[in-house]
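Its first residue numbered 414, the sequence shown is counted upward by one per residue in our numbering.
I should point out that these hints are in silico values taken from the structure, not numbers from a laboratory.
Among the clues, some could well be false.
Unchecked claim - Derived CB-CB ranges, DEER-like:
1. 521 - 477: 35 to 45 Å
2. 463 - 509: 34 to 44 Å
3. 486 - 442: 53 to 63 Å
4. 440 - 528: 40 to 50 Å
5. 558 - 509: 15 to 25 Å
All values derive from a computational prediction rather than experimental measurement.
Ideal Cβ placement from N, Cα and C applies to all residues, glycine included.
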Amino acid sequence: MRGPGWNTLADGMDVSRMRSKRGAVAVIGCAGVLLFSGCGAEDFENEPRAAAPVELSALVTDDEVALGPDSVGAGLVDITVSNQSDEDVRLTLEGPSDEASQAIPAGGTGVLRAKLSEGAYEVSGGESSGAKTALLNVGPMRKSSQNELLLP
Numbered sequence: 414m415r416g417p418g419w420n421t422l423a424d425g426m427d428v429s430r431m432r433s434k435r436g437a438v439a440v441i442g443c444a445g446v447l448l449f450s451g452c453g454a455e456d457f458e459n460e461p462r463a464a465a466p467v468e469l470s471a472l473v474t475d476d477e478v479a480l481g482p483d484s485v486g487a488g489l490v491d492i493t494v495s496n497q498s499d500e501d502v503r504l505t506l507e508g509p510s511d512e513a514s515q516a517i518p519a520g521g522t523g524v525l526r527a528k529l530s531e532g533a534y535e536v537s538g539g540e541s542s543g544a545k546t547a548l549l550n551v552g553p554m555r556k557s558s559q560n561e562l563l564l565p
């Protein structure tokens, strides 16, 4: 049997009152978590991922600029340029928006990354190049790459 004062601490605090206070704090804490977890739960659609960049290749010689493919959808493009001419070149796109690469040394390679709008672009080796220009046709915006796997 328990004797008198079995649920009283040395400082006179009643253990059963401490338990009821702890229980009340736990109930209030859980209610607060449930109350605040419902805040800001509005439904909205995420923005779709942009279309994946299209890889193009360009070859600049003393005679001409060759580009492949010569038709893409609007959006981000990465053009890998091989300069096989005797002079430094800057791959230049002239059209709805103008873009140019950094100087590419003779015999070297470079990359031009550009966001292209719909329209026709004239592709050249820059002002100092005498190479015949190429034509790049840019069609409507490409679809989102939202559900394509293994993209960075």
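> Range hint 34 to 44 Å: satisfied by the CB atoms of residue 463 and residue 509?
Replying inline: Hint violated: Cβ distance 19 Å, outside 34 to 44 Å.
> Could one say that the CB atoms of residue 440 and residue 528 fall in the range 40 to 50 Å?
Replying inline: At roughly 56 Å between Cβ atoms, residue 528 and residue 440 fall outside 40 to 50 Å, so the hint is violated.
> Using the C-beta atoms of residue 521 and residue 477, is the stated range 35 to 45 Å upheld?
Replying inline: 18 Å, violated
> Is it true that the C-beta distance of residue 558 to residue 509 lies inside 15 to 25 Å, as the hint says?
Replying inline: 23 Å, holds
> Between residue 486 and residue 442, is the Cβ distance one that fits in 53 to 63 Å?
Replying inline: Hint holds: Cβ distance 54 Å, inside 53 to 63 Å.
Of the hints listed earlier, those the structure fails to meet are numbers 1, 2 and 4, in rising order.
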